[in-house]
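Student: Chain residues, written in single-letter form:
There are 2 protein chains.
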Amino acid sequence: MNKTFALAIHGGAGTLAKENMTTDQRREHEAALEHALSTGIAILQKGGNSLDAVEAAVISLEDCPLFNAGKGSVFTRKGDHEMDAAIMDGRTLKAGAIGGITRIKNPIRLARTVMDQGEYAFLAGEKALQLALDYRLPLEDPTYFYTSMRYAQWQQLQTTPAKEKGFGTVGAVAMDHNGHLAAATSTGGLVNKAYGRLGDSCVIGGGTYANNATCAISCTGDGEAFIRAVAAYDVSCLIEYSQMPLEDACQKVLNKVASLGGAGGLIAIHRSGGIVMPFNSEGMYRACRDTSGHITVGIF
Amino acid sequence: MNKTFALAIHGGAGTLAKENMTTDQRREHEAALEHALSTGIAILQKGGNSLDAVEAAVISLEDCPLFNAGKGSVFTRKGDHEMDAAIMDGRTLKAGAIGGITRIKNPIRLARTVMDQGEYAFLAGEKALQLALDYRLPLEDPTYFYTSMRYAQWQQLQTTPAKEKGFGTVGAVAMDHNGHLAAATSTGGLVNKAYGRLGDSCVIGGGTYANNATCAISCTGDGEAFIRAVAAYDVSCLIEYSQMPLEDACQKVLNKVASLGGAGGLIAIHRSGGIVMPFNSEGMYRACRDTSGHITVGIF
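Chains as they are written, first to last, in numbering that gives the first Met the number 0: chain D, 0 to 299; chain A, 0 to 299.
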């Protein structure tokens with residue numbers, strides 16, 4: 000068993016303004032990132048696989064009210080919460096994705112269930128709830144997803160046009176001691192969204208992708224631009240077909256996303272274990288543990 | 000104005016068995032393909048753009064009960080019809096996709112509306128119906144989507160395990176006289192599907208992709224494998240990053256889909272106007288008009 004492993008997580012690139020963040024808020028976010036990172040590290044350290052690590056790290060972030068996923072999901076135009084998530088196994092290229100789901104405490108667990116169940120790869124809307132019921136995944140009442148910060152953000156939008164885009168996402172990528180890669184992403188989507196809007200998080204190749212031959216990627220930002228750029232898979236293709244270094248590939252893809260009008264960022268882990276966490280937004284909540292054991296936590 | 004244009008269409012690669020098809024059935028399918036092709040050609044011939052041509056060709060196929068899309072959509076496990084569709088503009092990389100929608104006569108028109116409206120790129124589930132209402136797109140009662148062939152197919156599945164996979168899709172790719180590419184795909188999805196299952200048709204990069212710099216693609220087959228392979232965008236990347244000829248790129252991608260357990264096919268048009276329509280299933284309903292004006296119609 001090779002003792003080398005690595006993990007990176009993000010808590011989204013939306014609604015960040017350095018001048019508005021107090022020192023306490025900053026510490027609170029950093030602590031939440033550290034907690035999610037250590038949750039994933041604990042699994043990898045004892046020989047667990049990358050899929051379990053990214054799922055556990057994302058569950059930790061979904062359970063935290065600070066990030067736009069799970070409990071902290073933003074409000075839709077109708078005042079409820081619709082969540083998207085996806086997970087992908089770089090070893091088998093198996094994937095599970097869910098879009099526009101309600102009431103499920105941990106959307107990434109439903110995405111994992113879709114992947115493990117194997118009949119389908121992508122479920123959306125109210126009907127996906129039945130799979131969660133069949134597998135007895137924890138559900139929550141709508142009140143669970145109420146947070147005063149998200150409610151205030153949504154209320155403000157009803158009277159004042161948005162100055163900042165209200166997106167945000169959580170995600171994780173990992174390489175385990177066997178060199179297997181995995182990626183997971185989860186989000187409450189775009190604040191005030193309507194019409195059953197899905198973002199890139201649940202689009203395999205758009206916001207989530209993993210392949211042992213190349214890399215694992217989780218994106219955050221303007222979902223529409225990441226979908227149109229097929230951003231996550233583009234990073235993989237630049238590595239596989241153009242032999243581009245991971246950092247250059249990620250930068251090229253973020254430039255392409257920007258050319259489509261999109262801001263955001265991504266976390267990526269190379270098949271060699273190298274991690275990059277670039278963004279072209281004002282900030283991106285992020286943390287990683289590299290193959291040498293060094294830990295980084297950052298916001299701006 | 001360059002007078003060269005080209006168009007290819009498909010009516011899906013599922014549920015085809017050469018020995019079960021009568022001469023009359025074969026002629027009926029060929030006539031429907033010819034009708035859809037000529038609908039698209041008429042637009043391109045008078046200088047119309049590729050987006051309008053692929054949309055019109057797909058509407059023709061959606062209105063035909065023979066193919067699994069629009070009127071001819073398969074039955075879900077619950078006995079209703081849930082449709083997916085997507086359209087993409089190779090000039091701007093704008094895209095519109097919808098998944099798991101009901102009652103809309105022409106799902107591709109809703110996908111086009113999503114793209115033109117521009118706020119979102121991907122809608123799913125019952126909530127997407129509101130956009131169709133806002134834009135006064137034609138709706139139909141559930142009875143419109145009843146066809147005796149699909150009903151018999153679905154009924155048989157309730158008692159006998161499927162011998163053949165009950166998928167099928169329609170799609171179109173085109174290059175107009177300005178050299179702009181476009182792709183469109185529409186489907187009723189997998190027969191007897193449950194849990195709000197979406198397929199690759201509505202996944203930008205999965206079953207649908209267009210980019211003036213490379214190609215336009217519409218796929219049909221085992222949706223889950225095409226999603227995991229990010230098949231449509233993979234063809235584009237092999238052209239862009241590996242300088243692979245279109246035919247080789249499509250074959251490589253179908254081989255990858257097959258390695259993931261998936262059968263099916265795709266239609267592709269290169270930025271130079273060249274068309275290929277490969278498949279690894281028993282057949283694929285297909286037709287094309289190449290840049291020289293030559294018309295091909297095929298099933299097996």
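Just so you know, not all the hints are guaranteed correct.
Note that identical chains are pooled: a pair holds if it fits in a single copy or bridges any two copies.
Listed next, the in silico DSSO-like pairs over lysine-lysine satisfying Cα-Cα at most 30 Å (straight line) [stated by the list, open to error]:
#1 Lys-104 to Lys-93
#2 Lys-93 to Lys-45
#3 Lys-45 to Lys-17
#4 Lys-45 to Lys-255
#5 Lys-104 to Lys-255
#6 Lys-45 to Lys-251
#7 Lys-255 to Lys-17
#8 Lys-251 to Lys-93
#9 Lys-255 to Lys-77
#10 Lys-93 to Lys-255
#11 Lys-77 to Lys-104
#12 Lys-45 to Lys-77
#13 Lys-17 to Lys-93
#14 Lys-104 to Lys-251
#15 Lys-77 to Lys-251
By construction, these hints were calculated from the structure, which means they are not laboratory data.
Student: Could you run down the list of hints and mark each one as holding or not?
Tutor: Verification of the hints:
1. Lys-104 to Lys-93: Answer is within; shortest intra-copy Cα gap is 23 Å, inter-copy 33 Å.
2. Lys-93 to Lys-45: Within one copy only: 24 Å inside a chain, 45 Å across chains, cut-off 30 Å.
3. Lys-45 to Lys-17: Classified as neither; 37 Å inside a copy, 55 Å across copies.
4. Lys-45 to Lys-255: neither (39 Å within a copy, 34 Å between copies)
5. Lys-104 to Lys-255: neither (34 Å within a copy, 35 Å between copies)
6. Lys-45 to Lys-251: Neither, since 36 Å and 39 Å both go past 30 Å.
7. Lys-255 to Lys-17: Within one copy only: 25 Å inside a chain, 45 Å across chains, cut-off 30 Å.
8. Lys-251 to Lys-93: both (26 Å within a copy, 19 Å between copies)
9. Lys-255 to Lys-77: neither (33 Å within a copy, 42 Å between copies)
10. Lys-93 to Lys-255: both (27 Å within a copy, 13 Å between copies)
11. Lys-77 to Lys-104: both (19 Å within a copy, 26 Å between copies)
12. Lys-45 to Lys-77: This pair counts as neither: shortest intra-copy Cα distance 44 Å, inter-copy 44 Å.
13. Lys-17 to Lys-93: neither (38 Å within a copy, 32 Å between copies)
14. Lys-104 to Lys-251: neither (35 Å within a copy, 40 Å between copies)
15. Lys-77 to Lys-251: This pair counts as neither: shortest intra-copy Cα distance 37 Å, inter-copy 45 Å.
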